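Q: Sequence:
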Amino acid sequence: MTATVEAPTIEVAPAAARLLWLDLTRRCRLSCGHCYNASGPEGTHGTMSRDDWRTVLDQAMRAGVPRVQLTGGEVTTHPDAPGLVDHALALGLKVEVYSNLVHITKEWWGLLQRDGVTLATSYYSDHSAEHNSMTRRPSHARTRENIEKAVQLGIPLRVGLIVGDDAQRAAEAEQELHALGVTNVRRDRVRPFGRGAHGQAPDMGGLCGRCGTDRAAIGPDGDVSPCVFSTAWPVGNVQAAPLADILGGAAMASAQTSIRNARTPGFDGCTPDTDDECTPGTPGSECTPRN
Numbered sequence: 028m029t030a031t032v033e034a035p036t037i038e039v040a041p042a043a044a045r046l047l048w049l050d051l052t053r054r055c056r057l058s059c060g061h062c063y064n065a066s067g068p069e070g071t072h073g074t075m076s077r078d079d080w081r082t083v084l085d086q087a088m089r090a091g092v093p094r095v096q097l098t099g100g101e102v103t104t105h106p107d108a109p110g111l112v113d114h115a116l117a118l119g120l121k122v123e124v125y126s127n128l129v130h131i132t133k134e135w136w137g138l139l140q141r142d143g144v145t146l147a148t149s150y151y152s153d154h155s156a157e158h159n160s161m162t163r164r165p166s167h168a169r170t171r172e173n174i175e176k177a178v179q180l181g182i183p184l185r186v187g188l189i190v191g192d193d194a195q196r197a198a199e200a201e202q203e204l205h206a207l208g209v210t211n212v213r214r215d216r217v218r219p220f221g222r223g224a225h226g227q228a229p230d231m232g233g234l235c236g237r238c239g240t241d242r243a244a245i246g247p248d249g250d251v252s253p254c255v256f257s258t259a260w261p262v263g264n265v266q267a268a269p270l271a272d273i274l275g276g277a278a279m280a281s282a283q284t285s286i287r288n289a290r291t292p293g294f295d296g297c298t299p300d301t302d303d304e305c306t307p308g309t310p311g312s313e314c315t316p317r318n
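Heads up, the sequence shown is in this note's numbering, so the first residue is 28 and it goes up one at a time.
Don't read these hints as lab results, they were simulated from the structure.
Treat the hints with caution; some may be incorrect.
To be verified - Derived pair list, reagent style DSSO-like, types lysine-lysine, alpha-carbon separation capped at 30 Å:
id, residue 1, residue 2
1, K133, K121
2, K176, K121
3, K133, K176
Claimed, not checked - For each label pair, taking beta carbons as the anchor points, the in silico distance ranges come out as:
id, residue 1, residue 2, range
4, A206, P93, 13 to 23 Å
5, R214, G181, 18 to 28 Å
6, D272, E175, 37 to 47 Å
7, Q179, T284, 39 to 49 Å
8, Q179, H225, 34 to 44 Å
9, Q179, E199, 15 to 25 Å
10, P93, G137, 16 to 26 Å
11, D192, A277, 33 to 43 Å
12, R216, N288, 15 to 25 Å
13, T74, Q202, 42 to 52 Å
Note that the structure is a prediction, hence the values are computed from the model and not measured.
Built from N, CA and C at the ideal position, the CB exists for glycine as well.
Build out the structure end to end from the sequences listed, making use of the hints.
A: Next up, the structure:
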């Protein structure tokens, strides 16, 4: 798709967030054992309509939010996602698409090459069996092939290397990615949410402490949470209230305080003491959430 709509000339308010995760869907071709929101083939796109998501983008632009990430689940399974990329770009927003890169259509390759769009994915091992044991599907070859294609096409690409245990071939995988031409590789550990919690209740102590500070996530049913990991603690719903009111509201402020107070000492990911964004796709971040 190509959009010819010009970004509205409207005075924007100071940004309540520098990044919004648009968590479009719980549908995914994979069933990763560590998936932080338990997405999979049986997942749904939720209750948010195309117009609901477009309204969120409009409100984000008016609030001064500079960039969004489209994620899930697998964002490329959502029928409205290409149009939402178009709409976001027309509004002047930067867009990152976080995909498992198992199946990318010709339309998506075209979108990913547009100015203002970047791509991110997850990788687990240079050995296909180890990678596939994480995704629970024979996904390694397709993901690796599409990483190579993205590099060849000159698409800005970041790869999150998700480490489940010390025996995982993370170092070898990182070397392989660099050999393929990927320059932005960052490591993260499996987070204790969704299937990654192994049946345990969500624990705020597993968060980095910066959730909700200059960032927020919106799920497929419209719930707003401080980040993609903290969906157990929603602070509002964009189908019921304006986005800016939620981001600047009392519930978000209360959640931020609770998360900071619950932060685990010595946390090994992104921290509240750095200016680095705890976001996929931002240079300097060590926090690379992905399912």
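Q: A separate judgement is required for each hint: does it hold in the structure or not?
A: Now for the hints, and whether the structure bears them out:
1. Distance restraint check for K133 and K121: the Cα-Cα separation of roughly 21 Å lies within the 30 Å cut-off, and the hinted pair is therefore satisfied.
2. Straight-line distance between C-alpha atoms of K176 and K121 comes to about 22 Å, which keeps the hinted pair within the 30 Å bound.
3. Between the alpha carbons of K133 and K176 the distance comes to roughly 12 Å, so the proposed pair stays at or under 30 Å and holds.
4. For A206 and P93, the hinted distance range of 13 to 23 Å is not satisfied, since their beta carbons lie about 33 Å from each other.
5. Roughly 25 Å separates the CB atoms of R214 and G181, a value that falls within the hinted 18 to 28 Å.
6. One distance hint, 37 to 47 Å for the beta-carbon pair D272 and E175, holds here, with the actual separation near 45 Å.
7. Range check, Q179 to T284: Cβ separation about 47 Å, and the 39 to 49 Å hint holds.
8. Range check, Q179 to H225: about 38 Å between beta-carbon atoms, so the 34 to 44 Å window is met.
9. For the pair Q179 and E199, the beta carbons lie near 22 Å from each other, so the given range of 15 to 25 Å is met.
10. Judged by the Cβ atoms, the range 16 to 26 Å given for P93 and G137 holds: they are separated by roughly 24 Å.
11. For the hinted restraint 33 to 43 Å between D192 and A277, the CB-CB distance of approximately 41 Å keeps it satisfied.
12. Taken as a hint, the range 15 to 25 Å holds for the pair R216 and N288, whose Cβ atoms sit roughly 22 Å apart.
13. The hinted range of 42 to 52 Å is satisfied by T74 and Q202, whose Cβ atoms lie roughly 44 Å apart.
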